[in-house]
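Number of protein chains: 2
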Amino acid sequence: MANPKLFRVIDHAVTRFSLIEDGDRILVGASGGKDSTALIEYFALRMLRRSGPQFSVTAMHIASEMSSPLNDELLSRFEQWKVPLITKKVAVLGRIKAGQRMNCWWCSTQRRTEINSFAVREGYNKIALGHHLDDILETLLMNALVKGVLSTMPPSLAYEKYPVTLIRPLCLADIPMIVRHAEASGYINSTCTCAYQDNSGRKNARRKLEALTDGRYAEKRKLFDALSHVKLDYLPK
Amino acid sequence: MANPKLFRVIDHAVTRFSLIEDGDRILVGASGGKDSTALIEYFALRMLRRSGPQFSVTAMHIASEMSSPLNDELLSRFEQWKVPLITKKVAVLGRIKAGQRMNCWWCSTQRRTEINSFAVREGYNKIALGHHLDDILETLLMNALVKGVLSTMPPSLAYEKYPVTLIRPLCLADIPMIVRHAEASGYINSTCTCAYQDNSGRKNARRKLEALTDGRYAEKRKLFDALSHVKLDYLPK
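Quick note, the sequences are listed as chains A and B, same order. First residue of the first sequence? That's 772 in this note's numbering, and the numbers climb one at a time after it. First residue of the second sequence? That's 772 in this note's numbering, and the numbers climb one at a time after it.
Hints were generated in silico from the structure; no laboratory data involved. Worth double-checking, as some hints may not be accurate.
Identical copies look the same in the list; a pair holds intra-copy or inter-copy alike.
[Stated by the list, open to error] Straight-line C-alpha distance at most 20 Å; calculated SDA-like pairs for lysine to any residue:
hint : residue 1 : residue 2
1    : K859      : D782
2    : K776      : K853
3    : K1002     : A862
4    : K918      : R992
5    : K1008     : F889
6    : K1008     : T936
7    : K993      : M924
8    : K859      : R796
9    : K868      : G823
10   : K776      : D996
11   : K932      : T786
12   : K1008     : P855
13   : K1008     : Y930
14   : K974      : S835
15   : K1002     : V917
16   : K1008     : S927
17   : K918      : R973
18   : K993      : I867
19   : K1008     : T786
20   : K993      : Y1005
21   : K974      : L856
22   : K1008     : T910
23   : K776      : G870
24   : K993      : N887
25   : K1008     : F849
26   : K1008     : E931
27   : K859      : L846
28   : K974      : P934
Go ahead and model the full structure; you've got the sequences and the hints to work with.
What follows is the structure, given as structure tokens:
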């Protein structure tokens, strides 16, 4: 497990958590960053090259005042991968109420809401997001240390109110693994940055995750696996 | 919660986890160190000074080739607190099989077995141990990162095979809190050391816990509380 290949790890997650089923219509959030780009590439190559469940994939990019538009190189990759792209412009800054400060959580909630509405309206049954193992473990640490709750973003989550399931096929892939893949595929420079970033909570959690796991993939995976092996009798009631 | 008093925190744990009931016969493991000494002091003062559940407390010290005998100052404290002390000598080193190396886990298992047998034979219904919040969180991290299991030493654990329940009244107290108390009470120097210590796993976990919580009590308590608030729907299946 020293240097596992990204697609092999995504395959494992897809199987382990039954993320893709026959007939799925999947809408993928495409930020333009390395994570969602790698996810879309995986879907495209898997779709094109393998037998197995038949499903369709559409990418959706929510553009805002803060995001740079998807660059031409990325657009031509999507075309080459035969993944249709829908772009919607949302005035995230315009939605801020007086006294509210822009932050990553709020912006991502706005973008998520747009994707959810579109998926429900257009009959997509799954929304795939580019959250990876580090994101999931950082959220775990923030929820535990700030809220006192043991929870995170699960690999698969069925919405109660809508006929839509969120899936996170990168849940077993950590950042170094995705970076290696994106570098090899030549799209690492597409990663978008945002001038409004106010994300100290997550940066702090990233530092803590690094200390906890010594930055090692094997430790991250153990920690993730522990979340599937909860021994309630050996925890405080 | 900046500098909470030890006995107030133990009170809270005893109530929250219903650790002491009327008629309890409690056997306390007494290593001679600050943790179990503070626990015995708490029991003694609580027994002597308060109304509430009626219970009895006996201390038991397992002496081995590695442990220094309890010093006279500690013995006179126990006497002053009116806590009877039973000492049993066990040849921990003598029990090591060929090729086995002495380590903390094995030694503590040997000592625990002696206490368990004695408790069952003599009709104690509870065994109180001096494990504190840091011990519990370190075990949590070791179990998660090494075994991939989410579990730790719970505040209360009923043995399935014996009519005995383990309790850990220091579960909400961290090391700095116990050290401050022991210093104020004047028994910090009784802490025993062991020449055979081979405990790199726990030392590593202590370092990680420190990084995770920035050594702050509030963060440790949040992490502990998270273990009572497990949202299985928001964890990987």
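Against the structure, the hints come out as follows:
For a Cα distance limit of 20 Å, the shortest separation of K859 from D782 qualifies neither inside one copy, at 30 Å, nor across copies, at 57 Å. For the homomeric pair K776 and K853, neither the shortest alpha-carbon distance inside one copy (23 Å) nor that between copies (65 Å) is at most 20 Å. Proximity of K1002 to A862 under the C-alpha cut-off of 20 Å is found in neither arrangement, the shortest distances being 45 Å within a copy and 34 Å between copies. Within a single copy, K918 and R992 get their C-alpha atoms only as close as 23 Å, which misses the 20 Å cut-off; across copies the closest is 11 Å, which meets it.
In this assembly of identical chains, the alpha carbons of K1008 and F889 never lie at most 20 Å apart, being 41 Å within a copy and 28 Å across copies at closest. In this homomeric assembly, K1008 and T936 come within 20 Å of each other (Cα to Cα) only across copies, at 15 Å, whereas the closest approach inside a single copy is 31 Å. For a Cα distance limit of 20 Å, the shortest separation of K993 from M924 qualifies both inside one copy, at 17 Å, and across copies, at 19 Å. Taking the closest pair of Cα atoms, K859 and R796 come within 20 Å of each other only inside a single copy of the chain (19 Å); across copies the shortest separation is 69 Å, beyond that limit.
Taking CA atoms no more than 20 Å apart as the test, K868 paired with G823 passes in neither setting, with 47 Å inside one copy and 54 Å between copies. Taking the closest pair of Cα atoms, K776 and D996 come within 20 Å of each other only inside a single copy of the chain (19 Å); across copies the shortest separation is 37 Å, beyond that limit. In this homomeric assembly, K932 and T786 never come within 20 Å of each other (Cα to Cα): the closest approach is 26 Å inside a single copy and 40 Å across copies. In this assembly of identical chains, the alpha carbons of K1008 and P855 never lie at most 20 Å apart, being 49 Å within a copy and 32 Å across copies at closest.
With identical chains, the CA atoms of K1008 and Y930 are at most 20 Å apart between copies only, with a shortest distance of 16 Å across copies and 28 Å within one. In this homomeric assembly, K974 and S835 never come within 20 Å of each other (Cα to Cα): the closest approach is 23 Å inside a single copy and 48 Å across copies. Proximity of K1002 and V917 under a CA criterion of 20 Å is satisfied inter-copy only: 15 Å between copies versus 23 Å inside one chain copy. Within a single copy, K1008 and S927 get their C-alpha atoms only as close as 27 Å, which misses the 20 Å cut-off; across copies the closest is 9 Å, which meets it.
In this assembly of identical chains, the alpha carbons of K918 and R973 lie at most 20 Å apart only when taken from the same copy (14 Å versus 26 Å across copies). Proximity of K993 and I867 under a CA criterion of 20 Å is satisfied in neither setting, with 40 Å inside one chain copy and 31 Å between copies. Taking the shortest Cα distances, K1008 and T786 sit within 20 Å of each other only across copies (13 Å), while inside one copy they are farther apart (33 Å). Proximity of K993 and Y1005 under a CA criterion of 20 Å is satisfied in both settings, with 18 Å inside one chain copy and 18 Å between copies.
Taking the closest pair of Cα atoms, K974 and L856 never come within 20 Å of each other, the shortest separation being 31 Å inside a single copy and 51 Å across copies. For the homomeric pair K1008 and T910, the shortest alpha-carbon distance between copies (17 Å) is at most 20 Å, but the shortest distance inside one copy (23 Å) is not. With identical chains, the CA atoms of K776 and G870 are never at most 20 Å apart, being 46 Å at best within one copy and 40 Å at best between copies. With identical chains, the CA atoms of K993 and N887 are never at most 20 Å apart, being 32 Å at best within one copy and 32 Å at best between copies.
In this homomeric assembly, K1008 and F849 never come within 20 Å of each other (Cα to Cα): the closest approach is 50 Å inside a single copy and 32 Å across copies. Taking the closest pair of Cα atoms, K1008 and E931 come within 20 Å of each other only across two copies (17 Å); inside a single copy the shortest separation is 27 Å, beyond that limit. Taking the shortest Cα distances, K859 and L846 sit within 20 Å of each other inside one copy (15 Å), while across copies they are farther apart (76 Å). Taking the shortest Cα distances, K974 and P934 never come within 20 Å of each other, neither inside one copy (34 Å) nor across copies (49 Å).
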